[in-house]
Amino acid sequence: MERITEGDQIRRWNDHIPLQWKYTAGVAGERFLQLLKQGKIQASVCRSCNKTYLPPKIFCKECFAQLSEWRDVPSDSGYVYSFTAVNGEIIALVKFDGVDGGLLGRLRKGREGPRIGIKVKAVFRRKEDRKGALSDIEYFERTGV
Amino acid sequence: MMVRKVCVIGAGLTLFRRRMLETGKELSFEACRMALDSAGIQRKEVDSVVMGSAPDAFDGVHMKGEYLLDGAGGYKRPYSRVYVGGATGVYVPVSAWWHVASGMSDVCLAVAEEKMSPLQPHPQYAFWSIFDHHMERPLGVTLLWIFALEMRRYMAVHGIKEEEIAQVSVKNKHNAIDHPCAQLPAEITVEDVMKSEPMVWPVKRLDVSPPSDGAGAVILCSEEFAKKMTKEPIYVAGCGWNIDSTYWTNRDLYYPQYLENAAKMAYKQAGIANPRKEIDVAEVYDPFDYKELHHMEGLQLAKKGEAPKLTTAGVTQRNGELPINPSGGLLGVGNPIAAAGMMKVCEIYFQLTHQAGKRQVKKEVHTGLAQAWGDLMQYSSVFVMRRR
Ligand SMILES: [Zn+2]
Numbered sequence: 001m002e003r004i005t006e007g008d009q010i011r012r013w014n015d016h017i018p019l020q021w022k023y024t025a026g027v028a029g030e031r032f033l034q035l036l037k038q039g040k041i042q043a044s045v046c047r048s049c050n051k052t053y054l055p056p057k058i059f060c061k062e063c064f065a066q067l068s069e070w071r072d073v074p075s076d077s078g079y080v081y082s083f084t085a086v087n088g089e090i091i092a093l094v095k096f097d098g099v100d101g102g103l104l105g106r107l108r109k110g111r112e113g114p115r116i117g118i119k120v121k122a123v124f125r126r127k128e129d130r131k132g133a134l135s136d137i138e139y140f141e142r143t144g145v
Numbered sequence: 001m002m003v004r005k006v007c008v009i010g011a012g013l014t015l016f017r018r019r020m021l022e023t024g025k026e027l028s029f030e031a032c033r034m035a036l037d038s039a040g041i042q043r044k045e046v047d048s049v050v051m052g053s054a055p056d057a058f059d060g061v062h063m064k065g066e067y068l069l070d071g072a073g074g075y076k077r078p079y080s081r082v083y084v085g086g087a088t089g090v091y092v093p094v095s096a097w098w099h100v101a102s103g104m105s106d107v108c109l110a111v112a113e114e115k116m117s118p119l120q121p122h123p124q125y126a127f128w129s130i131f132d133h134h135m136e137r138p139l140g141v142t143l144l145w146i147f148a149l150e151m152r153r154y155m156a157v158h159g160i161k162e163e164e165i166a167q168v169s170v171k172n173k174h175n176a177i178d179h180p181c182a183q184l185p186a187e188i189t190v191e192d193v194m195k196s197e198p199m200v201w202p203v204k205r206l207d208v209s210p211p212s213d214g215a216g217a218v219i220l221c222s223e224e225f226a227k228k229m230t231k232e233p234i235y236v237a238g239c240g241w242n243i244d245s246t247y248w249t250n251r252d253l254y255y256p257q258y259l260e261n262a263a264k265m266a267y268k269q270a271g272i273a274n275p276r277k278e279i280d281v282a283e284v285y286d287p288f289d290y291k292e293l294h295h296m297e298g299l300q301l302a303k304k305g306e307a308p309k310l311t312t313a314g315v316t317q318r319n320g321e322l323p324i325n326p327s328g329g330l331l332g333v334g335n336p337i338a339a340a341g342m343m344k345v346c347e348i349y350f351q352l353t354h355q356a357g358k359r360q361v362k363k364e365v366h367t368g369l370a371q372a373w374g375d376l377m378q379y380s381s382v383f384v385m386r387r388r
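Residue numbers (this note's numbering), protein chains in the order written: chain A, 1 to 145; chain B, 1 to 388.
Keep in mind that the hints were calculated from the coordinates and are not lab data. Accuracy of the hints is not assured; some may be wrong.
Label pairs and their in silico Cβ distance ranges [stated by the list, open to error]:
#, chain 1, residue 1, chain 2, residue 2, range
1, A, G144, B, P121, 48 to 58 Å
2, B, Q355, A, C63, 41 to 51 Å
3, A, C63, B, E66, 57 to 67 Å
4, A, A133, B, M265, 15 to 25 Å
5, B, M135, A, R126, 52 to 62 Å
6, B, G159, A, E6, 52 to 62 Å
7, B, D252, A, V86, 35 to 45 Å
8, B, M194, A, K127, 56 to 66 Å
Note that the Cβ used here is the ideal one computed from N, Cα and C, for glycine as well.
Pulled out of the complex, with its shape left as it was, chain A reads as follows (with noise of 0.2 Å):
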C-alpha cells in the first residue's frame, strides 16, 4: 500500500461523468400534480384494505390491487406530525385526518412556534403561478387554535 503525501509528484485528473434525466411523474403522479395546479389534493383509495394513499399510487402496496378510486383531502384537514428547522426555514411532514402517508412541505412560522400536533391548512400558489408541481403548495400555515 502506497498513501500519497506528495501529491504533486503523481499524476492526477480531474473527469466528470455528463449525466441529465428527463423525469415524468407516472400515472399517479401526473394526475396528483394536475390537481395540484387546481389547487386540490387528492388520495388514492383502496376499499378492501381501507387504505387512503398520498401521494397518491395506482396500486396498493398490501394488497396489490390496481387503484382506480380517488378522493379530495381537505387542504385544511392536516396535521404537523414533525417539524424540523433547516436554514432557518421550518419544514413539516404534513399528515391528514384518515390518510396514509403525508406531504412534506414548508410550514410558516406564526407567531407562536411551531409544535407537533398543531392543525394545518395548505396554502396555494395564485392560479396563475402554479406549475403542476409540488412547489404550488407555497407553504402550510396553523388554522385557528
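Put chain B with the ligand on the given structure of chain A with help from the hints.
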C-alpha cells in the same frame, strides 16, 4: 445437491416503448400484477421478492431497488435487488430459484424493470463511466466500440459476411410483429440492414436493438405449491451463470467462453448431454444481431462459426428445427435492459405452456432456454425450463 424442485407458474409483461408515462414503480406493478393473475395467486401468498434492474443511471434514481420496492410487491417481505448489467433479467429468476430450491420460500416473485428514457441526451451515456479511467476513457470510448470490435473479430475468425449477420435482424423484427408488447416490429430486408446508417463500423442502425421502458415478472414456487395450482407445472431444469475478465483487452472476442461455462453449469443440472438435440426452443440475448449467433455458439446450440449457416438454412425460424427468439427478441420487442432478459424468460414460459398465440413455434416443445448477457459485456446467465 440438496435442493427442492422449483416450478414457474405465471408470467407478466408490460408494453415495451421508447418512452412511457409510467414510473419504474408503476411499470413493475403492472408486470407483477399480470404475473400474479397469470398464476392465479395474490400477493399475500408471495413469500419473497427478487427485483432486478440495471444501472441506477437510467431511471436517474440512486438505490433504485429501494425506490422500486412497493411497485415490485416487496413491501414487508424478504426483498433484494440483484444486478449483473444486461444479464440481470435472466439472473433474477436464477436468484428466485435458490430462494425456493433452498426451502426458504414456497413462492418467490421475480421481477425486472428498466426505465431508460429519463437519461439524457441518450441512455448510452450511462456507460461512460464503466470504462477504465486511464486506459480506455482517454480515447473517448463508447459501448459500441466493444460491439464493433467483437463483431469484427467474430466475422474475421470464421469468414462471416455482414449480410449473414443481418438475417438475424430481419428474422427477429419479423417475429416481433406477433408480439403484443413489441416496440419495433417490422418487415425489413437484408438490404435495408446493410443500407442503414453506420454507427461504429461494422455496426449499423438496424443491427442494434432500441432503448426502451418496460417490466416483466415471473412467479417461481415449490413443486408442491405448483401442483395445487396447475396440472402441468413448468419446472426449472437448470441455472447457470459465469463471468470473464473485466478487461476486453484480456478476453477472446470471437467466442464467449464464459457463456459456455454458464451453459454447461445449467445443462449439468438439467441432465442435458446434447443441447443441440435436447433444447427445443431458445431465447438468446440479441441486443445486436451478431450476438444471437455468438450466443448460439456459446450455448453449444451451434458449433463455432456455424450459427450463420443455420440461420441462412432457416433452422432458427419459428417453424424451423431449432427456433431462436420466436418472441422477436430485443431487436424486435425492444431492449429495456433488465426487463428484456425477463421478456425472454416469459417467452419460454409462454411457449412451454402453449400461451404464445401466433408466436407459438411449430414443433412440439418440452425444454426451453433463456439467456442474457451483460455486466461489462462478459457475463452470462442461463435459465432452462422444462415441461414434464
Ligand atoms: Zn389494498
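Each hint, compared with the structure:
Distance hint check for A:G144 and B:P121: the Cβ-Cβ separation is about 52 Å, which falls inside the suggested range of 48 to 58 Å. For the pair B:Q355 and A:C63, the beta carbons lie near 26 Å from each other, so the given range of 41 to 51 Å is not met. Hint check: A:C63 to B:E66, Cβ distance near 21 Å, so the stated range 57 to 67 Å is violated. Hint check: A:A133 to B:M265, Cβ distance near 51 Å, so the stated range 15 to 25 Å is violated.
Taking 52 to 62 Å as the suggested C-beta distance range, the pair B:M135 and A:R126 conforms, at roughly 57 Å. Taken as a hint, the range 52 to 62 Å holds for the pair B:G159 and A:E6, whose Cβ atoms sit roughly 55 Å apart. A hinted range of 35 to 45 Å for the beta carbons of B:D252 and A:V86 is inconsistent with their spacing of about 56 Å. Between B:M194 and A:K127, the C-beta spacing of about 57 Å keeps the proposed range 56 to 66 Å intact.
Violated hints for the displayed structure, listed by number in ascending order: 2, 3, 4 and 7.
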